[in-house]
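Peer 1: Sequence:
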Amino acid sequence: MKAAFEAVVKSCPTSWQPMPTARRSPMSAPSRRTPGVRGRPRARRTRTAAASPYRSARKRSGGVSLRTSSLTTNVEPQIAVTRTRAESARSASRRGRSGALTAGDDTGRRERRSYHHRPMTPAPRVRFAPSPTGSLHVGGARTALYNWLFARRHGGTFILRIEDTDVERNRPELVDQILEAMTWLGMTWDEGPFHQSERTHLYREAAERLLSEGKAYRAFETPEELEAARKAAEAQGETFRYSGAGREIPKAESDRRAAAGEPFVLRLKMPDEPIVVDDVVQGRAEFPAGALDDFVLTRSDGHPLYHFSVCVDDVAMGITHVIRGVDHLANTPKHVALFRALGAEAPKFAHLGMILGPDGKKLSKRHGAAGAEEFRAQGLLPEALVNFLALLGWSPGEDRERMTMDEMAALFSLERIGPSPSRFDHEKLAWLNGQYLQDVPAGRLADLVKPFGVPAGCSDETLLRAIPLQKPRAKTLVELAQGLSSWVADPADWDAAGLKKFGKPANAPLLKTFLERIAAIEPLTHAGIEEAARALAAEAGVKLGDLAQPVRLALTGTLASPPLFEMIEVLGLETTRRRVLALAARIESPEAPS
RNA sequence: GCCCCCAUCGUCUAGUGGCCUAGGACGUCACCCUUUCAAGGUGAAGAUCGCGGGUUCGAAUCCCGCUGGGGGUACCA
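Residues 0 to 593, numbered by the working numbering, are exactly what the first sequence covers, in order.
These aren't lab readings, by the way, just hints derived from the structure by calculation. Just so it is clear, CB atoms sit at the ideal spot from N, CA and C, and this is done for glycine as well. Careful, some of the hints might be misleading.
Calculated pairs, DSS-like style, for lysine-lysine (alpha carbon to alpha carbon, straight line, at most 30 Å) [what the hints assert, rightly or not]:
1) Lys230 with Lys214
2) Lys214 with Lys268
3) Lys500 with Lys449
4) Lys470 with Lys449
5) Lys268 with Lys250
6) Lys511 with Lys542
7) Lys427 with Lys360
8) Lys361 with Lys427
9) Lys503 with Lys542
10) Lys364 with Lys268
11) Lys361 with Lys347
12) Lys542 with Lys499
13) Lys230 with Lys361
14) Lys427 with Lys364
15) Lys268 with Lys230
16) Lys427 with Lys214
17) Lys511 with Lys499
18) Lys470 with Lys427
19) Lys500 with Lys470
20) Lys449 with Lys364
21) Lys470 with Lys360
22) Lys500 with Lys511
23) Lys449 with Lys427
24) Lys470 with Lys364
25) Lys499 with Lys449
Simulated restraints on C-beta separations [claimed, not checked]:
26) Gly301 with Asp424: 22 to 28 Å
27) Lys250 with Ala284: 33 to 39 Å
28) Arg168 with His525: 26 to 32 Å
29) Thr557 with Glu172: 42 to 48 Å
30) Gly417 with Ala581: 54 to 60 Å
31) Thr557 with Glu515: 22 to 28 Å
32) Lys427 with Gly540: 43 to 49 Å
All chains, full assembly: derive it from the sequences and hints.
Peer 2: Structural data, given as C-alpha cells:
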C-alpha cells in the first residue's frame, strides 16, 4: 500500500509554480503590493500601484481570468442565486448574524462593476493559513475549500499563507506536502504561498509602532515567574491572568531596561470593555472585559507569536473575511482588539464547526485516514473528496448533493454554513466516490488505477476492455485494482467453498464441452457465448448457473465476478481454455497439488 | 474553576412561527432485475426535533434554565 502510494505521488504532476512565491523573492512582501488596504489611514497611502488588489480583482471578474484556472467560475452563472437580497438580509438578521456579503449584495455589486465603476464593496480577499506541523488534515482541507469557494463565488482572491513562526515545531518539508495536497484537490491559489518566517520585518515594524503608540508595553517577567504565578492561582482555584504589571512601568525605565539587555516580551493593552464578535456562522458572542488578559505579542527572542503575526498579516494582505475552525473562536476577541490597536477594521469572521471521527471524538489517524494524502492512497478521487468535504457543514439546500467545484462555487454562501460539529462518515464518502468513479472514462481510469497495481503482463488493450466490466463493482481505485487483478491474471488457487460445490466429477466433461462449443464461435462475442452456454445447459439438463459457476470458478478462482460471458470475450479463447482446463484437471485428480 | 460555542433519524443534512402526520442523502432491511457479485430500480423501518419551563391562537423554529458535547484559558498554531 505504501509503495503504491508513493508511486501515485510520483506520478502526480507537480506544477504549482505559476504564481510568484514569497520564497523566491522574500522582499516582495505583499505589504508593498497589497498595503493595508483597510488598515492604515487612507491618507498615508498612495493610490497608484497600491490599488493593485482592486485592479486585479476587477480584471479577473471581467472574465479575463489572470491566472487561468479551469476551475475559475465565470461571473455570469454565479448570478443564478436562489435568494433575493431581501430574503438574505431578513434571514441574516433573524438569525442574529451579521450577513457578510450576502448573495443579494453581491449581485448588486456585480452589476455596478460591469459599468466599470469602482465597486462599493471590494472583492473579498480570503486566506488559508496552514501551519506546517502536520500534513493537510481533512479539517484544514475543508477550511481551505470554503475559503476557495467563497473567493470564487464572489470573484475574490484566495491567498495561501504558511504560518511557520514557531521555529521548533515547524517542519519545512511538510509545506510541499500541503501544497501538493491542495493542488490535488483542485484548489489553486491566487497569491502566495507567503511564508511568515520571511516576513519578520513586518511584525517587528508593527511591534515597534504599537509600542511607540502606547498600545503595547514591555513586560519583564520570566517564563518561570509566570509559571509560578499560574500555579499559585490554580492552587487557589482561580483563573490565572497576567497582572498587567508591565503597564505600570514608566516609559523611561522600560526603555532603559530594554537597552541594558534585560529580556522582555511585548504585551497588548487589552481594552477595558467587552468585545463583541459577530460571527457569520456562530452568531454573536460577547466576551466580558477582563476575561482576556494582556496577551503576549512577541517573545523575548523577538519572534512574533501566532495571534500577532496573524493579525499583522491579515491587515497587510487586506483580508476581508476570515474563515477558519471554531477552535479559533475563543481567540477571536484577542484578534479584534489587535486589529483595533493596529488601526484596522476587523474582517468578517466565519468559524466552522469541528470535524469529528465517526465515534464523535476528534478525528485522527486512528479513524483510518485523516490527511488528504491518505485518502489519495486509499484510491479516492479528489472531486469526490472535495464534494464530500463541502457537505460537511455546508448545504446548498434543495437537496443537492453531487456537485462539481464550479457548481459549488456558484452556490456557495457563508450564510448556509451550519454551526454544529459534524462526524466524518467514511461510508458516505466511499459511496460518493463510487458515484464519481462511474463517470470516469475507461482511458483515464486506466491511468489512475495503474499506481494501485495491475497484473504484470496485462496489456493496455485488455485493461481498457476490462475496466468497464469491473468499474460498477468498485467504489475506490483500490477496489478497482483488486477487482481487476482477480480475473485479469490467472487464478493462483480456487476458492475452497467453490471447489466443494462445483468440483463434482461430472463437471469436468461439461467444462470441456463448453470449451469446444465456444471455440467454434467466430467472432467470439459475449452474446454468442451466452447463446452457446444456454444451449449446452439445456442439453445437459442443468440450470445455466450450474454451468456458469464452475466456469467462473475456473476463470477467477472465485464465485463472484463481473458477467462471465463478457469476461470471456475480453480474455479471449486461449486464456479461457488454459484456465478451464486447469480446473478440469484438478477436478479429475483431486489429490494432485494444484 | 472561569470564559465562549454547539445540540433535527445511527451518520451528513433540509427546515428561519402555521405549507411538518419533520423532507433528502449515506447506512440498514425487503422485493425486483439476474449466470455469481456488485451496480441499478422499487419500497420499508428509522427523529415525541437533547431535557424542562416560558412567549404565542399556533414552536423544530423565539426566550430562560438544565444536561451533554466541544473549544479557549501558553514566551504553541
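Peer 1: For each hint given before, does the structure comply? Return the numbers of the non-compliant ones in rising order.
Peer 2: 3, 10, 16, 21, 25, 26, 28
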